[in-house]
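Participant: This is what each chain is made of:
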Amino acid sequence: MKLSPKSGNEIIPRGDALTPHGASGTFRHRDEELLKKFEQLADQWERETQNMSSTVHKSMHGAYQDIIAMGPRVIPLILDRLRDKGGHWYWALAHLAKTDPVPPNARGNVQKMREAWLKWGSDRRF
Amino acid sequence: MAKVGQRPKILDETQFFSDFPSLSRNRKNFVVSSFATEQYNCIALAADDDRHWWWPIDRWRLHDYWPDGCPEVYERDAFIAAFRSLGYANCNDGQFERGIEKIAIFEDALGVTHIAKQPTNRDGLWKSKIGDNADIEHELRLLEGPKYGSVVQYMRRTKNAKRRRKC
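As they're listed, the protein sequences go chains U and F. Just so you know, we're using this note's numbering here: the first sequence kicks off at 1 and counts up by one. Just so you know, we're using this note's numbering here: the second sequence kicks off at 1 and counts up by one.
Hint data in this document are derived by calculation from the structure and do not stem from the laboratory. Fair warning: this is a prediction, and the values are worked out from it, not measured in the lab. Just so you know, not all the hints are guaranteed correct.
Listed below are the simulated DSSO-like cross-link pairs for lysine-lysine, each with C-alpha atoms no more than 30 Å apart in a straight line [to be verified]: (1) F:Lys117 - U:Lys37; (2) F:Lys162 - U:Lys37; (3) U:Lys112 - F:Lys117; (4) U:Lys85 - F:Lys159; (5) F:Lys28 - U:Lys112; (6) U:Lys37 - U:Lys85; (7) U:Lys36 - U:Lys119; (8) F:Lys9 - U:Lys85; (9) F:Lys159 - F:Lys127; (10) U:Lys85 - F:Lys117; (11) F:Lys162 - F:Lys9; (12) F:Lys117 - F:Lys162; (13) F:Lys9 - F:Lys127; (14) F:Lys159 - F:Lys117.
For reference, chain U alone in the conformation it holds in the complex (with noise of 0.2 Å):
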């Protein structure tokens, strides 16, 4: 099942242009937009860290933070990605989900990490 950002409206705001308000017609095309932006950004992020082991330079390269900076309403994308592809999105997902679901014990495993975010996901059904 792919994520989608429908989903979740207690994290996308009221008014949004991807809330089930937007206007008819408009949220599809601006749906797509928002993915174009964020596959091409976290593309761009991918190609660009993957060399690196350091998680503050992967967490403040520029497309990463520009990711964040697009709002919770991207939480879905980046939930849907990190289950086709990994990556170190945690940091993003907490910052934007204003929680953690990583127990302490799972600290570095990436594996767990990975398994918690995707079952917060699920739970809420994105």
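Fit chain F to the given chain U structure using the hints.
Facilitator: Showing chain F alone in chain U's frame:
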């Protein structure tokens, strides 16, 4: 871990050789020794751990592993403290010494970027995990450049050094 019938390779060669211009495209000055994985990073490899991603800032909710009690600040001293807990002590150079393991800490303008390890059994070659990419064996200075900056500190440990993984 290598899979039967498959040869380890690096991801995205264009980006890889752009990041490390001193490594030759025909592989004459380095060897790829593992498959790419995000399960561990260069700090973990240097600490003999292939199950965790090590980094010292949990207050940012980065959730990376760091040894108990070691300083969790993004400063060189935090890395030095963590490797002291593994039996390493500062030393002056990366010259190969039989029976001695060494690490080299790299920094750029922002701070620590990378740690390479010189195992005891590779006649002076160094081993590095390249971010989410593969492990490689290489001459140390070949990784200096735009991505990792340069070597700023060496550490060494003997075979019998105490390894507590705790500061």
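Participant: Can you give the numbers of the hints that this structure goes against, from lowest to highest?
Facilitator: 1, 2, 4, 5, 11
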